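Use the sequences and the hints to build the structure in full.
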Amino acid sequence: EPEVTQTPSHQVTQMGQEVILRCVPISNHLYFYWYRQILGQKVEFLVSFYNNEISEKSEIFDDQFSVERPDGSNFTLKIRSTKLEDSAMYFCASTTAYTDTQYFGPGTRLTVL
Amino acid sequence: GESVGLHLPTLSVQEGDNSIINCAYSNSASDYFIWYKQESGKGPQFIIDIRSNMDKRQGQRVTVLLNKTVKHLSLQIAATQPGDSAVYFCALYNQGGKLIFGQGTELSVKP
Chain A
5 EPEVTQTPSH QVTQMGQEVI LRCVPISNHL YFYWYRQILG QKVEFLVSFY NNEISEKSEI
65 FDDQFSVERP DGSNFTLKIR STKLEDSAMY FCASTTAYTD TQYFGPGTRL TVL
Chain B
18 GESVGLHLPT LSVQEGDNSI INCAYSNSAS DYFIWYKQES GKGPQFIIDI RSNMDKRQGQ
78 RVTVLLNKTV KHLSLQIAAT QPGDSAVYFC ALYNQGGKLI FGQGTELSVK P
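Residue numbers (our numbering), protein chains in the order written: chain A, 5 to 117; chain B, 18 to 128.
Worth flagging that the hints you see were computed from the coordinates, not collected in a lab.
Since the structure is predicted, the reported quantities are computational estimates derived from the model, not experimental observations.
Take these hints with a grain of salt, some might be off.
[Said to hold, decoys possible] No farther apart than 30 Å at their CA atoms in a straight line, the calculated lysine-lysine pairs in the DSS-like style are these: (1) A:61 / B:127; (2) B:88 / A:82; (3) B:85 / A:61; (4) B:88 / B:59; (5) A:46 / A:61; (6) A:87 / A:61; (7) B:59 / A:82; (8) A:87 / A:46; (9) B:88 / A:87; (10) A:61 / B:59; (11) B:88 / A:61; (12) B:73 / B:85; (13) B:88 / B:54; (14) B:88 / A:46.
Below you can see the structure in the form of structure tokens.
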């Protein structure tokens with residue numbers, strides 16, 4: 005069964021450093037998303053991406069965040085200058101149509117020291 | 018804005034019993050709802066969904082009920098097993114296609 009994959013599973017970084025989280029969505033999916041989950045809290049939407057551009061973004065997704073689909077398979081989330089409060093699980097999700105079920109990857113745990 | 022709330026943060030049941038997890042939402046225009054299961058250290062896993070033109074949908078051992086009048090959603094798990102232990106989230110789609118998640122109910126199954 006096809007699934008969303010994410011790398012790395014765990015990323016530790018120093019405050020102020022740049023990180024890139026990577027995702028490989030399910031191959032025939034067209035809509036891509038990033039969500040984050042701070043420990044013990046609910047999953048929060050960050051950004052949606054379709055047709056090589058951002059469709060919607062949340063208040064969390066400020067100028068320090070960017071997304072890219074550099075090739076036909078990868079979907080990345082970049083945080084330019086990490087802050088302590090960026091520590092969270094980051095989940096990538098994808099779907100065939102924006103009204104259909106989103107399938108989530110296993111997540112990347114980002115720890116900012 | 019839209020919000021999704023769960024009634025209980027934790028639920029403990031005996032193995033073999035039925036579990037019911039409840040969820041309330043605020044936006045009466047919401048038309049697509051999903052239940053996700055999240056095991057420790059993993060991403061949300063799709064369980065079952067329901068659209069607003071239905072009030073009940075059944076899967077394998079799971080049933081979702083939707084009451085649009087009171088804006089309430091529930092997940093019923095029949096014959097709960099230890100493998101069902103996880104955090105369960107209800108989520109709804111907003112018009113932009115993003116998911117709005119509730120806080121989650123942690124289900125513990127006692128053997």
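Exercise. Provide an ascending list of the numbers of those earlier hints which the structure does not satisfy.
Key: Hints 1, 2 and 9 not satisfied by this model.
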